[in-house]
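Protein chains in written order, with the numbering used here: chain A, 2 to 116; chain B, 31 to 140.
Do not rely on the hints blindly, as some may be mistaken.
[Unchecked claim] Below 25 Å or equal to it, Euclidean Cα-Cα: the simulated SDA-like pairs (lysine to any residue) are:
| id | chain 1 | residue 1 | chain 2 | residue 2 |
| --- | --- | --- | --- | --- |
| 1 | B | Lys72 | A | Arg112 |
| 2 | B | Lys72 | A | Gln7 |
| 3 | B | Lys72 | A | Thr6 |
| 4 | B | Lys72 | A | Gly17 |
| 5 | B | Lys87 | A | Asp103 |
| 6 | B | Lys72 | A | His11 |
| 7 | B | Lys72 | A | Leu40 |
| 8 | B | Lys108 | B | Asp85 |
| 9 | B | Lys99 | B | Val79 |
| 10 | B | Lys89 | A | Gly4 |
Treat the hints as calculated values from the structure; they're not laboratory data. Quantities reported herein were computed from a predicted structural model and do not represent experimental measurements.
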Amino acid sequence: ETGVTQSPTHLIKTRGQQVTLRCSSQSGHNTVSWYQQALGQGPQFIFQYYREEENGRGNFPPRFSGLQFPNYSSELNVNALELDDSALYLCASSLRSSSSTDTQYFGPGTRLTVL
Amino acid sequence: ILNVEQSPQSLHVQEGDSTNFTCSFPSSNFYALHWYRWETAKSPEALFVMTLNGDEKKKGRISATLNTKEGYSYLYIKGSQPEDSATYLCAFYQGGKLIFGQGTELSVKP
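Please model the complete structure; the sequences and the hints are all you need to start from.
Below you can see the structure in the form of structure tokens.
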């Protein structure tokens with residue numbers, strides 16, 4: 002059973018650019034959540050995708066958008082990058098979208114640096 | 031705005047010491063509390079999912095308790111080992127998302 006993978010591992014962009022981060026879910030999982038972890042903070046929920054539809058969103062502006070594909074892999078897109086977008090981006094997959102007890106399995110993250 | 035607080039922020043102990051840390055969360059509308067262990071350069075690893083008031087879970091030397099009425103959970107590590115060095119995160123479940131505390135960074139010296 003393959004775990005959650007993310008690519009790339011590290012990325013450096015400049016302010017104003019656009020970035021796409023990728024995530025492959027654990028086998029059998031149809032729900033993917035994305036989190037942003039800024040330095041010194043816990044991960045913050047960006048949004049969740051369930052069966053290719055956005056299924057909940059945190060307090061992030063519309064320039065943060067996502068996609069989920071038929072194989073349940075997912076992308077996080079960030080437009081018009083700002084310096085404050087520098088963070089570790091984590092994705093997590095789970096079996097069901099709205100079960101409080103289902104474990105969310107995390108990938109190792111993508112470290113984004115915006116210069 | 032929901033607040034999940036963890037204390038202490040960091041902890042340095044000697045090998046063999048037992049230690050514990052705290053996660054505080056809103057006591058209303060409780061569904062579940064998740065604990066994760068996160069080693070540097072690895073993925074966060076699920077430890078426990080706690081749902082019932084008075085719940086106690088155990089995994090080897092690590093255990094956790096839950097008090098939903100007063101809104102806290104304790105994580106205990108008995109006889110800490112260097113391989114326990116990691117950041118321990120708790121997360122409060124709300125509406126499909128996890129709301130994380132800032133974590134407790136544990137360092138165990140041999």
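field: Ascending list of hint numbers which this structure does not respect
entry: 4
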